[in-house]
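In order, the protein sequences belong to chains S and V. Sequential numbering of the first sequence, starting at 1, is according to the UniProt record's numbering. Sequential numbering of the second sequence, starting at 1, is according to the UniProt record's numbering.
Heads up, some of the hints might be wrong.
Since the list can't tell identical chains apart, any single copy or any two copies may satisfy a pair.
Stated by the list, open to error - Straight line, CA to CA, 30 Å or less: simulated DSS-like cross-link-like pairs of lysine-lysine:
1) Lys19 to Lys127
2) Lys172 to Lys16
3) Lys51 to Lys19
4) Lys61 to Lys172
5) Lys61 to Lys119
6) Lys172 to Lys51
7) Lys172 to Lys127
Since the hints were derived computationally from the structure, they do not count as laboratory data.
2 protein chains.
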Amino acid sequence: MTTQHQARAGRPRSEKAEKAIIEATLDLIAEGMGVAELSIEAIASRAGVGKTTIYRRWANKEDLVVDALATLREPLPPLAGESVRDDLIALLDVVRREAGQRRARCVMNVAMGETDRSKRVSERFFKLALEPRRVAMRRVLGRGVANGELRPDLDVELGMALLSGAMIWFSKWGPEGDLPEDLAERVVDHALEGLVSRR
Amino acid sequence: MTTQHQARAGRPRSEKAEKAIIEATLDLIAEGMGVAELSIEAIASRAGVGKTTIYRRWANKEDLVVDALATLREPLPPLAGESVRDDLIALLDVVRREAGQRRARCVMNVAMGETDRSKRVSERFFKLALEPRRVAMRRVLGRGVANGELRPDLDVELGMALLSGAMIWFSKWGPEGDLPEDLAERVVDHALEGLVSRR
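Chain S extracted, bound-state conformation:
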């Protein structure tokens, strides 16, 4: 991105200011400040810089927010590619590990927000931070259907909704405190085996 490139080419002092601005933006979003409500004033004040320091680097708030959120990109967990169950657990366990951290709070606040005013930002963030995980999970479920581990009539989107939805539900509405360490494993096993009695 041009803005990042410019900053990298700048002096160390410049880089420090940029980092403070990015951190302030992420902190405010994580605290629940909607992207639409977020102001350059609030970011400048939190970062301890002047507004002109921000405008020297970013043309507008949207560009700054997109650059800030881009720093939250995380690599996918390594997948063994053997059992579908194990790969699903690896993918969902990322959600557990991130729960409550600033990244997860930003994801929730940006991706769950219903406001049309920040739609452009949400969509760019979705593509960047969430879509790669969805693609990976869709691929694992599709592999399971193809190799017979999963039912042949599986609705892959529905499988994703059950698995990812359960993790999100626990993160937001489960019992207080840290998520149980074996949560991803239990979610996957309940979803794979189903809730009905087989006795």
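Since the structure of chain S is already known, use the hints to place chain V on it.
Chain V in isolation, oriented as in the chain S frame:
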């Protein structure tokens, strides 16, 4: 609530203003204005009343927001109480029917918001609007375990997470457009039967 009582005792003109204030509050929340960011000024301006008209009825913003959100309370759907599957579908189908409506947007924006600043409001709203549905679903799942329809080792909270989480996931992140009419039924059947192949 005292505030509502006072308003009801007032003149018709007063009731009309109160309705406009409540509607303005809900519209702003549905549009993505965080409870923390919401101001009496913004509500007054949207409702076309003066700030004093609001302060005559509500001591502060939190009380107004709680009263406004309280109007979103919905009765539970009737449950036949025969098959667990049918009762679960009835409970989840409410989520599908409400998706995209103002009530659902308010629920999402209030209940998903991570901000500590509006925690008191979120908690009161959660108790009022969401907890009765969770209690009903927990009871249906518990009945299924007791009567043998569901597996004896079912983790009831986990079952709730899979079922409700899938509906929320589809509402927020599914394909664009209205949710499919049979979504609740398909979610319940996938969750009950499980994703693995039984051939």
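Right, here's what the structure says about each hint:
Taking identical chains as interchangeable, the C-alpha atoms of Lys19 and Lys127 lie at most 30 Å apart only when both belong to the same chain, with a minimum of 23 Å there against 40 Å between chains. In this homomeric assembly, Lys172 and Lys16 never come within 30 Å of each other (Cα to Cα): the closest approach is 34 Å inside a single copy and 37 Å across copies. In the homo-oligomer, the alpha carbons of Lys51 and Lys19 lie at most 30 Å apart inside one protomer (15 Å), although the nearest pairing across protomers, at 41 Å, exceeds that limit. For the homomeric pair Lys61 and Lys172, the shortest alpha-carbon distances inside one copy (28 Å) and between copies (25 Å) are both at most 30 Å.
Taking the shortest Cα distances, Lys61 and Lys119 sit within 30 Å of each other both inside one copy (13 Å) and across copies (27 Å). Proximity of Lys172 to Lys51 under the C-alpha cut-off of 30 Å is found in neither arrangement, the shortest distances being 35 Å within a copy and 35 Å between copies. Taking identical chains as interchangeable, the C-alpha atoms of Lys172 and Lys127 lie at most 30 Å apart whether they share a chain (22 Å) or sit on different chains (15 Å).
In this structure, the hints that do not hold are numbers 2, 6, in rising order.
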